[in-house]
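If you read the protein sequences in the order shown, they are chains H and W.
Counting from 1, one number per residue, gives the positions in the first sequence under this note's numbering.
Counting from 1, one number per residue, gives the positions in the second sequence under this note's numbering.
Some hints here could point you the wrong way.
Capping the alpha-carbon separation at 25 Å, the derived lysine-lysine pairs in DSS-like fashion look like this [claimed, not checked]:
no., chain 1, residue 1, chain 2, residue 2
1, W, K121, W, K205
2, W, K205, W, K220
3, W, K220, W, K121
4, H, K146, W, K71
5, H, K281, W, K121
6, H, K121, W, K121
A partial selection of chain H residues facing chain W, derived with a Cβ cut-off under 7 Å [as the list claims (entries may be wrong)]:
no., residue
7, A12
8, F17
9, V18
10, L20
11, Y28
12, R32
13, G43
14, P45
15, R115
16, A128
17, P133
18, P160
19, G245
20, A278
21, F279
22, R282
Keep in mind that the hints were calculated from the coordinates and are not lab data.
Just so we're clear, the structure is a prediction, and the values are computed from it rather than from any experiment.
Cβ atoms here follow ideal geometry from the backbone N, Cα and C, with glycine treated the same way.
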Amino acid sequence: MRRDVSVGRTVAWILLFVLLIVTLFPFYWMLRTAFSDNTQLPGHPDSLLPVESTLGAFKRVLGLASIEEAQAQGGSGAAVNFWLYLRNSLVVATITTVCQVFFSAMAAYAFARLRWPGRDKVFALFLAALMVPPIFTTLPNFVLIKNLGLLNSFAGIILPGAFMTPFAIFFLRQFFLSINRELEEAAMIDGAGHRRIFFGLIIPMSAAPIATLAILTYINSWNDYFWPLLVGQQENVRVLTVALGVFRSQTPQGGPDWAGLMAATLIAALPMIILFLAFAKRITNSIGFSGIK
Amino acid sequence: MTATTNAPPARKRSHGDSTAPPGKRRNLGDLKVAMIFIAPATLGFVVFYIWPTLRGAYLSFTEYSLLSAPKFNGLANYERMVQDSFFWNALGVTVEYVVINIGVQTVLAVGIAMLMYRLTKSITVRAIILAPYLVANVVVALVWYWMLDVQVGVVQTFLGWVGIDPVAFFGDSHWAIPTVAGINVWRHMGYTALLVFAGLQTIPKYVYEAAEVDGSTEWKTFWRITLPLLRPVLVMVLVVTMIGSFQIFDTVAVTTQGGPINATRVIYYYIYERAFTRFDFGYASAMALVLFAILAVVSLLQLRLLRAKESDLA
Chain H
1 MRRDVSVGRT VAWILLFVLL IVTLFPFYWM LRTAFSDNTQ LPGHPDSLLP
51 VESTLGAFKR VLGLASIEEA QAQGGSGAAV NFWLYLRNSL VVATITTVCQ
101 VFFSAMAAYA FARLRWPGRD KVFALFLAAL MVPPIFTTLP NFVLIKNLGL
151 LNSFAGIILP GAFMTPFAIF FLRQFFLSIN RELEEAAMID GAGHRRIFFG
201 LIIPMSAAPI ATLAILTYIN SWNDYFWPLL VGQQENVRVL TVALGVFRSQ
251 TPQGGPDWAG LMAATLIAAL PMIILFLAFA KRITNSIGFS GIK
Chain W
1 MTATTNAPPA RKRSHGDSTA PPGKRRNLGD LKVAMIFIAP ATLGFVVFYI
51 WPTLRGAYLS FTEYSLLSAP KFNGLANYER MVQDSFFWNA LGVTVEYVVI
101 NIGVQTVLAV GIAMLMYRLT KSITVRAIIL APYLVANVVV ALVWYWMLDV
151 QVGVVQTFLG WVGIDPVAFF GDSHWAIPTV AGINVWRHMG YTALLVFAGL
201 QTIPKYVYEA AEVDGSTEWK TFWRITLPLL RPVLVMVLVV TMIGSFQIFD
251 TVAVTTQGGP INATRVIYYY IYERAFTRFD FGYASAMALV LFAILAVVSL
301 LQLRLLRAKE SDLA
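Required output: the full structure, derived from the provided sequences and hints.
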């Protein structure tokens with residue numbers, strides 16, 4: 001009986017180990033390919049190490065290599081500049097996150113800590129918006145942004161997400177509700193207005209959930225593809241995800257620039273991987289705890 | 001505080017503004033302040049959620065090419081949809097995708113969650129299996145597009161080791177949808193497993209202890225105790241992952257773009273094509289409305305059939 005159990009546990013550990021390898025291998029393969037020479041890749045499909053390791057692919061996608069150099073290493077020769085797309089992604093994700101979290105926190109404060117007629121009905125209406133699939137509102141939103149003349153501008157990409165999401169308000173309201181009311185009352189007796197209570201009491205006391213929400217919002221915004229694809233096609237506002245799609249469709253049939261493509265995906269993924277490594281514990285613990293997102 | 005204090009404590013603040021009569025102010029509570037605090041969110045909500053929802057519903061009854069004003073055409077879009085074989089194909093392909101994606105993902109997620117629950121609470125393990133979820137869909141799709149490439153993809157090498165000929169994962173119309181579904185299982189299974197894992201931890205220890213005393217085997221315990229007690233969590237996870245699964249777009253858009261021969265033209269992608277490459281906005285809106293209805297019905301059915309709210313523990 002005892003031996004049976006330990007055999008079972010060994011098998012279970014092996015399964016878990018296999019799972020971790022399956023999870024990590026694609027990340028490694030991305031790295032391995034990005035540092036390879038594209039013209040040499042087909043000859044060594046099973047080499048675990050970079051083939052003829054070189055920084056050529058990175059130079060290519062960052063616009064640092066001349067066209068001849070790029071083509072000699074199997075690139076398409078089309079001008080790409082992922083520095084620019086990196087900047088655009090930073091601008092979009094940063095402004096979206098700061099505005100969305102701040103305005104959602106304000107609304108959550110009104111829903112959690114203030115008393116006013118109709119409050120719960122308005123909150124229910126905000127929550128109901130979670131049911132509407134994004135594509136349904138995306139079509140009219142596109143028409144609106146187009147009519148406002150904001151196609152291919154940062155404002156057009158950022159505006160729909162800048163004010164709130166139902167999830168963000170819901171998430172923060174839960175935390176604001178749990179703050180002890182006596183602290184707030186004490187502050188009021190000291191003559192503090194709502195602005196001071198919000199900035200001086202509620203926000204500092206909720207720093208941890210606000211940070212968690214901000215990180216999740218940043219990652220979602222960074223990874224978003226559909227909306228920036230529709231309204232941000234032009235080079236000057238093109239974000240990384242859209243740029244990757246364009247780069248992929250430019251690759252010639254037959255001999256794609258795999259090394260360049262993987263270097264580009266690495267550039268797109270690396271900031272999120274770093275963010276994740278820095279906040280892994282916080283992000284991981286928030287899953288399941290915050291419910292569903 | 002004694003039982004006699006019924007008035008809201010917010011009243012204490014009211015000595016600041018002296019214009020409104022005190023009785024009225026108590027009824028309205030903090031309305032004035034609240035309006036300031038919810039103003040930005042409400043603006044965004046009305047302009048980018050409420051208004052487009054109403055406008056989208058209206059557009060679905062019009063012919064609209066973006067160039068001239070929408071022209072009301074009654075149910076014409078819906079009649080057209082019934083006869084549009086591409087629409088039915090898109091629905092079929094989407095359902096195939098959802099069934100494979102959700103089926104495989106849920107089974108794997110429960111398995112992974114059980115493994116973690118029995119073996120380790122290590123935050124490192126949990127963080128690693130969550131990692132794919134934090135990388136963009138587009139990135140995940142392209143990395144697998146490369147690894148599965150029929151000529152030089154590393155997966156073909158692995159298949160070669162066990163004597164299987166190269167498979168055209170994206171080029172073969174039978175393989176395309178299972179391949180796209182599999183890629184998204186890879187991205188989401190860790191995340192889903194963490195949700196299930198959180199659910200497992202809400203099952204009280206004494207239930208397992210009682211089962212052990214009764215001599216129940218691990219296998220029996222899983223089927224008769226763990227799974228039934230996990231049901232409320234599983235239902236919520238299923239509803240949410242399934243709604244997300246119906247909205248598959250990014251992976252298709254950067255790999256197969258609907259092909260080969262319509263095999264991966266999922267409903268989201270078909271709506272996108274209609275709206276943004278043919279500028280057929282009215283028809284696209286009508287299809288989006290139908291998708292909306294399907295999602296609402298599917299989630300309601302799941303909640304009803306699986307009796308989400310009742311826990312067997314009660």
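Going through the hints against the structure:
1. Distance hint between W/K121 and W/K205 is fulfilled; the C-alpha atoms sit about 16 Å from each other, no more than 25 Å.
2. Only pairs whose Cα atoms come within 25 Å are accepted, and W/K205 paired with W/K220 is accepted, the gap being roughly 16 Å.
3. For the suggested pair W/K220 and W/K121, the alpha carbons sit about 23 Å apart, so the restraint of at most 25 Å is met.
4. Proposed proximity of H/K146 and W/K71 is supported: the alpha carbons are some 19 Å apart, at most 25 Å.
5. The straight-line distance between the Cα atoms of H/K281 and W/K121 is roughly 12 Å, inside the 25 Å bound, and the hint therefore holds.
6. Between H/K121 and W/K121 the CA atoms are separated by roughly 41 Å; this puts the pair beyond 25 Å, and the hint is violated.
7. Checking H/A12 against chain W: minimum C-beta separation of about 6 Å stays under 7 Å; hint holds.
8. Given the 7 Å rule on beta carbons, the hint for H/F17 is violated: about 10 Å separates it from the nearest Cβ of chain W.
9. At about 10 Å, the closest approach between the beta carbon of H/V18 and any beta carbon in chain W exceeds 7 Å, and the interface hint on this residue is violated.
10. At a threshold of 7 Å, the smallest CB-CB gap from H/L20 to chain W is about 6 Å, leaving the interface hint in force.
11. Hint status for H/Y28 relative to chain W: violated, with the closest Cβ pair at about 10 Å, above 7 Å.
12. Residue-level restraint check for H/R32 is violated (minimum Cβ-Cβ distance to chain W is 9 Å; threshold 7 Å).
13. Evaluation of the H/G43 hint against chain W yields a violated restraint, the C-beta minimum of about 9 Å exceeding 7 Å.
14. For H/P45, the suggested interface contact is upheld, since its CB lies about 5 Å from the closest CB of chain W, less than 7 Å.
15. Nearest Cβ of chain W to the Cβ of H/R115: about 4 Å, under the 7 Å cut. The hint holds.
16. This hint is violated: H/A128 has a C-beta 9 Å from the nearest C-beta of chain W, more than the 7 Å allowed.
17. Evaluation of the H/P133 hint against chain W yields a held restraint, the C-beta minimum of about 5 Å falling below 7 Å.
18. The beta carbon of H/P160 comes within 4 Å of a beta carbon in chain W, closer than 7 Å, and the hint placing it at the interface holds.
19. At a threshold of 7 Å, the smallest CB-CB gap from H/G245 to chain W is about 5 Å, leaving the interface hint in force.
20. Using the Cβ-Cβ criterion of 7 Å, the hint placing H/A278 at the interface with chain W is not satisfied: the shortest such distance is roughly 11 Å.
21. Annotation: interface hint on H/F279 violated; nearest CB of chain W at approximately 10 Å, more than 7 Å.
22. A hinted interface residue such as H/R282 counts as satisfied when its beta carbon comes closer than 7 Å to some beta carbon of chain W; here the least separation is about 10 Å, so the hint is violated.
The structure does not agree with the numbered hints 6, 8, 9, 11, 12, 13, 16, 20, 21, 22 stated previously, though it agrees with the rest.
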